[in-house]
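Next come the chains, spelled out residue by residue.
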Amino acid sequence: MNKFGLLDDETSPPLLTSSLTEKIAMFAPVKPRQQVDIAAADAAAAQHGFVSREISEAADTKLLGRRRRTVPSEPTRHLAIRLSSSAYDRFVAYADRQKLTYHDALARLLDTVGG
Amino acid sequence: MPVIAVSNPKGGAGKSTTTLLLATYLAQQGASVSVLDADPNQPIMDWKKNGLSKTTLQVIGGVREANLMETLEEQPHQFVFIDLEGTASLLVSRSIAMADFVIVPVQASAVDVRQAGKAIRAVRDEEKVAQRSNPSRRIPFRVLMTRTPAPGAPVSSVQRQLEAEIEAAGIPRFKTSLAERMAFKAVFVERLTLAEMRDLKVGNLDAAYENVHQLAEELIGLLQDIEKESAA
Ligand SMILES: Nc1ncnc2c1ncn2[C@@H]1O[C@H](COP(=O)(O)OP(=O)(O)OP(=O)(O)O)[C@@H](O)[C@H]1O
Ligand SMILES: [Mg+2]
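Heads up: the protein sequence lines correspond to chains A and B, in order. For any residue, its number in the numbering used here is found by taking its place in the first sequence, counting from 1, and adding 4. For any residue, its number in the numbering used here is found by taking its place in the second sequence, counting from 1, and adding 18.
Treat the hints with care, since some could be wrong.
As the list claims (entries may be wrong) - Calculated pairs, PhoX-like style, for lysine-lysine (alpha carbon to alpha carbon, straight line, at most 25 angstroms):
1. B/K193 with B/K246
2. B/K193 with B/K136
3. A/K27 with B/K246
4. B/K67 with B/K219
5. B/K193 with A/K27
6. B/K193 with B/K72
7. B/K203 with B/K219
8. B/K193 with B/K203
9. A/K103 with B/K136
10. B/K146 with B/K246
11. B/K203 with B/K67
12. B/K72 with A/K27
FYI, nobody ran anything at the bench for these hints, they're computed from the structure.
Model the full structure from these sequences, guided by the hints.
This is how it looks when you write it as structure tokens:
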């Protein structure tokens, strides 16, 4: 304790917090958004396996030449699996190549082997 | 109004945890904050809708490819976070393309780091695309190590090696990491903010709070630098 009876340890945390609040106050709420060329952005992302995961009938028919159900016709259940990195990478790469969601990719693989 | 996208195509890397902790902390410090829940599983929306938190944080659910841009433009907030799903989707890459800053949470596992590489390459490519029409456009990002041992606990050799690899690859990283803490799990179980869990027994809440405070300080510092740069 110093002779003024001030404890540095006790005064510093509130100071830290108030300075954060002050810094926050300097951010303006509204700013014009970046203009984004969606088509170009999507094309760049596709190279890294970023594809649409949204089920739209039109897109499905185009991409896969077949229709997928937009609403599952049966109850769904959850399956969490832990697998080796190499198997993981193969599965994800397969789904990306085929532009399938993971559940559709698994179903496709089962269909293929008649499982 | 910085838009902060939180992205790693690897599931369970800590995206939603990071988003919720930072967003609720900034809201508590007086900021106006919203989270766009762009994960079809809607974890943040569930937290807000089915919980009793009194946070001022606004959560916008049901964000999809078709309404992302519009929803972003409607946000009157100082900070907008986008919690993304753990997969490589167009919703993720578009969010990155529109973001002012990207946080890439990574757990100390080889698979996480490899998948984070995907997010980082996407950020860099989206930046290049954007620079065609706006040469000064930047999409800065930082990797955030998550679920790291609490201060004082031993750091695994895997983690040390991965940190060294990230360093060697010249990938920018938050100095602060998010430790593995019971309190960080509890925010989703209790559907409360850290501050609102004061009376619950959820591990070392003070240390958890301090961790988030440090991370928020670092984030705000980075965002200030970005704003300065873009104003220059
Ligand atoms: N720092 C942490 N301390 C303790 N538990 C954590 C921490 N970070 C994440 N978790 C736990 O790990 C799990 C996954 O975290 P989280 O949901 O944040 O990951 P995610 O990247 O959003 O996952 P998804 O890809 O499924 O959206 C959750 O059960 C969460 O409670
Ligand atoms: Mg999540």
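Hint check:
1. B/K193 with B/K246: Answer holds: B/K193 to B/K246 is near 21 angstroms, not above 25 angstroms.
2. B/K193 with B/K136: holds, 22 angstroms
3. A/K27 with B/K246: Holds - the C-alpha atoms of B/K246 and A/K27 are around 13 angstroms apart, at most 25 angstroms.
4. B/K67 with B/K219: It holds: about 23 angstroms lies between the C-alpha atoms, which stays within 25 angstroms.
5. B/K193 with A/K27: The hint holds at about 19 angstroms.
6. B/K193 with B/K72: violated, 31 angstroms
7. B/K203 with B/K219: holds, 12 angstroms
8. B/K193 with B/K203: Holds - the C-alpha atoms of B/K203 and B/K193 are around 22 angstroms apart, at most 25 angstroms.
9. A/K103 with B/K136: Holds - the C-alpha atoms of B/K136 and A/K103 are around 17 angstroms apart, at most 25 angstroms.
10. B/K146 with B/K246: holds, 21 angstroms
11. B/K203 with B/K67: holds, 18 angstroms
12. B/K72 with A/K27: holds, 23 angstroms
Taken one by one, the earlier hints fail for this structure only at number 6.
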